[in-house]
Structure formats: C-alpha cells, structure tokens
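Those sequence lines, one after another, are chains B and L.
Numbering-wise, this note's numbering comes out as the position in the first sequence, counting from 1, plus 582.
Numbering-wise, this note's numbering comes out as the position in the second sequence, counting from 1, plus 1.
FYI, nobody ran anything at the bench for these hints, they're computed from the structure.
Treat the hints with care, as some may be off.
In silico contact screen, one side only, chain L against chain B (beta carbon under 8 Å); selected entries [to be verified]: (1) 5; (2) 19; (3) 21; (4) 96; (5) 109; (6) 113; (7) 116; (8) 167.
The following label-pair restraints were derived from C-beta to C-beta distances [what the hints assert, rightly or not]: (9) B/761 / L/97: 28 to 38 Å; (10) L/45 / B/606: 53 to 63 Å; (11) B/664 / L/97: 22 to 32 Å; (12) L/270 / B/832: 45 to 55 Å; (13) L/126 / B/782: 15 to 25 Å; (14) B/831 / L/126: 12 to 22 Å; (15) L/103 / B/633: 20 to 30 Å; (16) B/596 / L/175: 17 to 27 Å; (17) B/687 / L/53: 36 to 46 Å; (18) L/25 / B/599: 55 to 65 Å; (19) B/638 / L/129: 21 to 31 Å; (20) L/130 / B/601: 44 to 54 Å.
Simulated coverage check for chain L against chain B, where a stretch passes if three residues somewhere in it have a Cβ under 8 Å from a Cβ of chain B [said to hold, decoys possible]: (21) 45 to 59; (22) 69 to 81; (23) 168 to 174.
Note that beta-carbon positions come from the ideal geometry of N, C-alpha and C, so glycine has one too.
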Amino acid sequence: MLSALNAGARRPRWREPSILPGFAPAMGFTLLYVSLIVLIPLSALIARPWEHGWNGFWSTVSDPRVTAALRLSFGTALLAALLNLVMGAVVAWALVRYDFPGRRLADAAVDLPFALPTAVAGIALATIYAPSGWVGALATPLGVKIAYTPLGILIALVAVGLPFVVRSVQPVLQDFDAEVEEASLTLGARPWQSAFKVILPALAPALIGGFSLAFARAVGEYGSVIFIAGNMPMRSEIAPLLIVIKLDQFNYAGAASVGLAMLVLSFAVLIAINLVQLRLARRGLR
Amino acid sequence: MRGAVRPRGSAWLIVAAAVLWLAATILLPLVAVFAEAFRKGASAYFAAFTDPDALAAITLTLKVAAVAVPLNAVFGLAAAWVVTKFEFRGKALLLAVIDIPFSMSPVISGLVWVLLFGANGWFGPWLDSLGIRIIFNFTGIVLATILVTLPFVARELIPLMQAQGTDEECAAITLGAGGVTTFLRVTLPNIIWALLYGVLLCNARAMGEFGAVSVVSGHIRGLTDTMPLHVEVLYNDYDFVGAFAIATLLAGLALVTLALKTWLEWRFAGALAQGNSRLARNR
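My request is simple: use the sequences and hints to build the entire structure.
Structural data, given as structure tokens:
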C-alpha cells in the first residue's frame, strides 16, 4: 500500500530501481525474441486477410464450408471441454481424496496427453475407433459409427483435454481446508451436500480455469483429430484443416482469414469464460 | 490440507469411474500403439527402422530439437530473470505475450511463417531472389517448432523464481559478487531442477510437434519429414506397422519424459512445489 502511494507521488517511471544487474541485456533479448518469434509473425496473420478488403475477408469466412468447419471446431471443443470439466473433477477428486492401489501410476498417467505427440494419439485413436478397431467393432453392431464422424472428433478432443482440468483442480482440492468441510458435516450436512455446496463453489474458479485451457487446446487441435475425423467437407472437416487446404492452394489471404477468425472467436470465448470466473470469484469474496 | 483415505462404500464408485476413464482415454491409445506396431511380429517391427526415410526423419527431428530447445531455454532464463527480479511497467503484457503460443492452434503457428516467408509471403520473393529458402526447409521447421514451444521453459521458471524473490541475489551483489557470478552461483543452483523440468517438457513437445511443422515442411520424404510427419506419411500409405513402429519411438519418448518428470517431482518435491502449485493456479 505504502509503495503504491510512493509510486503515485513520484514522477512515474517505467521501472523501479534495483541493484541487480542484467536488466538491459535480458530485457533486450526477451523483447527481441518475442518480437521475432511471436509478434511479427502474428502481425502477418492480422494484416494478411485484408488483401481484397473487408469483402475478401467476409466472403471467405462466411463461405458455408468455412462456417460449417468453425461451427464444428467450436462446438466439439466446447462439448469436449464440458465433458472434461465433469470427468476431470471426478479424476482429481479420486486422486486427491482416496488412497487406492495404483494411485501414483494413475496420477502420473494423467500427464500423458501433454507428452504424447498428437499424431501418435491420432493414429491410435483412429485405429481403435475405426469400424474394425477394438472399440469400433463393438459399436458397429449397435449402429453407431465413431471414427470419421463428429463423434470421433469429440473423442479425440476429450482425450487431449483431460489433464488441463485435473491439473488445475488438484492443487486447490489438495489445499482445501478440511475444517470447513468438517464444520459443514458437523452442522448436519450430508456428504453430498457438503461436496456440492461447500467444496464445489471453492473449486469453481479452478474448474473454469481448467475448462478454458481444455477448450483453447481443443479448438486448435489438429494432429489427434485429422486421422479420426474423416475430413468430409461440411460434415467432419475442422477449421485448422481448412487453413492447411487453403495454403496448399496458395490462397494465403484465405488461410489467414480462417486463422484470424479462429483466433478472434476463441479469444471472445475465453474472455467470456474469464468474466464468468471473475463474477464467481467476487461472489466468493462476499 | 488433508490426507487421502482408503475408499469405502460408494467412494469406490468414484475411484472406479476415474480409473476407467483414465484407462479408456489415456491408456488405451498407448496400448494400441504398441499392439499395432508388433501386429506382424518383431521382425516386421524392426524392419521399419531400416528404411532410409525413417532414419532421415529421426535425424531431422533430433536436429530440430537440438536447435529449438536450447534457444527456448536461453529465452526462458532471460525472460524469467527480467520478469521476476525487476519491477517494470507492462510486465503483465509481456507475460501475456509469452503465453500466446499456448492458446494458438499449432496450424496457425505454422501458417504465420508461411505468410512471412512462403512463395507468396511478405519476404518470400525477396528471399527467393537471394536463393534463401525458409519454408519447406529446415529453417522453417525450426522456426515453427520454436514458436510452439516458446513458453515452456519460461512458464516453468517464472512461478518458482517469483516465489524465491530477490533477497539472495541482492545479498550476493551487495557483498561484491559480479552479475555473472551471482547468476551462476546463486540463482542457477536454486532453479536448476525447474529449468531441467522445463527443458524436458519443451523437448517432448518439440520432437512431437505435428500441426505447425506439417504446414511449413512440405512433406518432402527423406528431407523435410520429421518423425511425426513420417508417421502420417506411412499411415496414409497404409503402412500401418511402419507408422506405428515410428510412433512407438515417440510414445517411448513421452513415457521417458513422464518418468523423468515424475522422478524430478518426487526427488525435488520441495524445490519444485513452491513454483508448481502457483503455476497450476496461474494456468
């Protein structure tokens, strides 16, 4: 507080004095690096779609094939993140609360989707869920087709998104004050009441944080999806694939338009999720 | 904080649901990779590695990681030093920029390089006249890989160094140590395990990256196909044993990474925990 007052009284400067050395070279290198690797390339993405003006951009992104792909990518990503929200909470709960045989192995396995290359997951899932695969063969007699349909895409996205929710929720659940829960139980709450009315609200920000990470990852996911998706235009073609297709046709402006639309839409969704999180956090403070 | 208890009664349902879900979504694909690779026996499996294109893909992947990972490690150290040891305006913005690659589709991370250096890109024709080729070439693959894996080391170091503060470095400087000595003898020993951890994750992602690299590589067999891309090529050629054989190497890399990561977490729980619980919350 005091330092904030001091800072206000002083002539504003852009950095606080420090006796530590190395600010200038480290800052210079950092800025140069992020400019070359992130900012300049990203500016190309922002500048390129307007080659043929607003109409060029709009006619690209309002093309039925593109809107179908965007709807598919965002729809399946939201659905997958929602599934991961529920199952991630269950997995985190089991890992933190219960000491069962194989717990440490299960805990380590949660991170596998972070480490397993997406193409590997992709061909494995496509093989398992293909009509002749381990699971696909079981589903076919029931008249359910998994691989090469949006259902297959959903399964791939669920597989890559789970660790985000589990790893967000786990530390909060671990640090959750047992006394609060015990108090609710002592006051006559049933265990499920305590879980849903005492613990869940405390977990909500972490859950939503994990949800938004899983969603962000799923929207742009490519490697684990394209093998199982079937990639039929208007039906099972994801937005990132359309970028690849447009680049193959040397349609740079078109590819950049789809990329920019994806980026803007996903930032809009993430900001909306953040606002919900903020509101929940405020309610928690009251 | 509370200890874990033995599950009783209906709690077993939760444990069973969690374990089954993990088995179905995570373990099953892993098992499938090895089962498919050995479907036609061990000799077919090992024959897949005698293909010169496969060997070229393995070499290329190692080379790309050997360039991309050290660069991102140096960047991670510099960025973490600036962000955690100094107070300056725009820090939140810098942190947000470092995180951008995490929320970008890998395909977009490849696309941006094509927009800059491709045949119809901003600098493409000019570079072409100089005889420099970036897209469909090693350089492009490295650039795409660097972009995708840029945050890994920085994100691992920042929460830890934030928690450690500047007291020790200030003491060293006050006692007359130079900047380099302070960094090497005070800061580095404090963060070495987190650095290793970040490098490990960065490397796993760099070697396994598919979307970004597939956009810039051009899929020239034996020349610009990395291991994940070669897996795709073989799979699309219906050479399933070959595709899954290469995939076992990548899956093995993932398993080794996880094992090392788990070991690091277990061995240096104290040193990493400080940063990690904060990291998980910040993420």
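Evaluated hints:
The closest approach between the C-beta of residue 5 of chain L and any C-beta of chain B is roughly 4 Å, which is under the 8 Å cut-off, so the hint is satisfied. Taking 8 Å as the C-beta contact cut-off toward chain B, the hint placing residue 19 of chain L at the interface holds, the least distance being around 4 Å. At about 10 Å, the closest approach between the beta carbon of residue 21 of chain L and any beta carbon in chain B exceeds 8 Å, and the interface hint on this residue is violated. Restraint check, residue 96 of chain L versus chain B: the minimum CB separation of about 11 Å is more than 8 Å; hint violated.
For residue 109 of chain L, the shortest C-beta to C-beta distance to chain B is roughly 5 Å, which falls under 8 Å, so the interface hint holds. Taking 8 Å as the C-beta contact cut-off toward chain B, the hint placing residue 113 of chain L at the interface holds, the least distance being around 4 Å. Interface hint status for residue 116 of chain L: upheld, as the beta-carbon distance to the closest one in chain B is roughly 4 Å, under 8 Å. Below 8 Å, beta-carbon pairs count as interface contacts, and residue 167 of chain L has one with chain B at about 6 Å; its hint therefore holds.
At roughly 37 Å, the beta carbons of residue 761 of chain B and residue 97 of chain L sit within the given window of 28 to 38 Å. Residue 45 of chain L and residue 606 of chain B have their C-beta atoms about 58 Å apart, which keeps the hinted 53 to 63 Å range intact. At roughly 26 Å, the beta-carbon separation of residue 664 of chain B and residue 97 of chain L lies within the given 22 to 32 Å, and the hint holds. Range check, residue 270 of chain L to residue 832 of chain B: about 53 Å between beta-carbon atoms, so the 45 to 55 Å window is met.
A C-beta distance of roughly 58 Å is found between residue 126 of chain L and residue 782 of chain B, which places it outside the suggested range of 15 to 25 Å. Here the CB-CB span from residue 831 of chain B to residue 126 of chain L is close to 18 Å, well matched to the stated 12 to 22 Å. Against the hinted window of 20 to 30 Å, the Cβ-Cβ separation of residue 103 of chain L and residue 633 of chain B comes to about 29 Å, which satisfies the hint. Taken as a hint, the range 17 to 27 Å holds for the pair residue 596 of chain B and residue 175 of chain L, whose Cβ atoms sit roughly 25 Å apart.
At about 38 Å, the CB distance of residue 687 of chain B to residue 53 of chain L agrees with the hint of 36 to 46 Å. Range check, residue 25 of chain L to residue 599 of chain B: about 57 Å between beta-carbon atoms, so the 55 to 65 Å window is met. Taken as a hint, the range 21 to 31 Å holds for the pair residue 638 of chain B and residue 129 of chain L, whose Cβ atoms sit roughly 25 Å apart. Taking the beta carbon of each, residue 130 of chain L and residue 601 of chain B are about 51 Å apart, inside 44 to 54 Å as hinted.
For the stretch 45 to 59 of chain L, the stated coverage by chain B is violated: 0 residues have a C-beta nearer than 8 Å to a C-beta of that chain, whereas at least 3 were required. Remark: the stretch 69 to 81 of chain L is confirmed as covered by chain B, as 4 of its residues place a Cβ nearer than 8 Å to a Cβ of that chain, reaching the required three. Here's how the stretch 168 to 174 of chain L fares: 3 of its residues keep a CB closer than 8 Å to some CB of chain B, so the rule of at least three is met and the hint holds.
The structure fails hints 3, 4, 13 and 21 (numbered hints given earlier, in ascending order).
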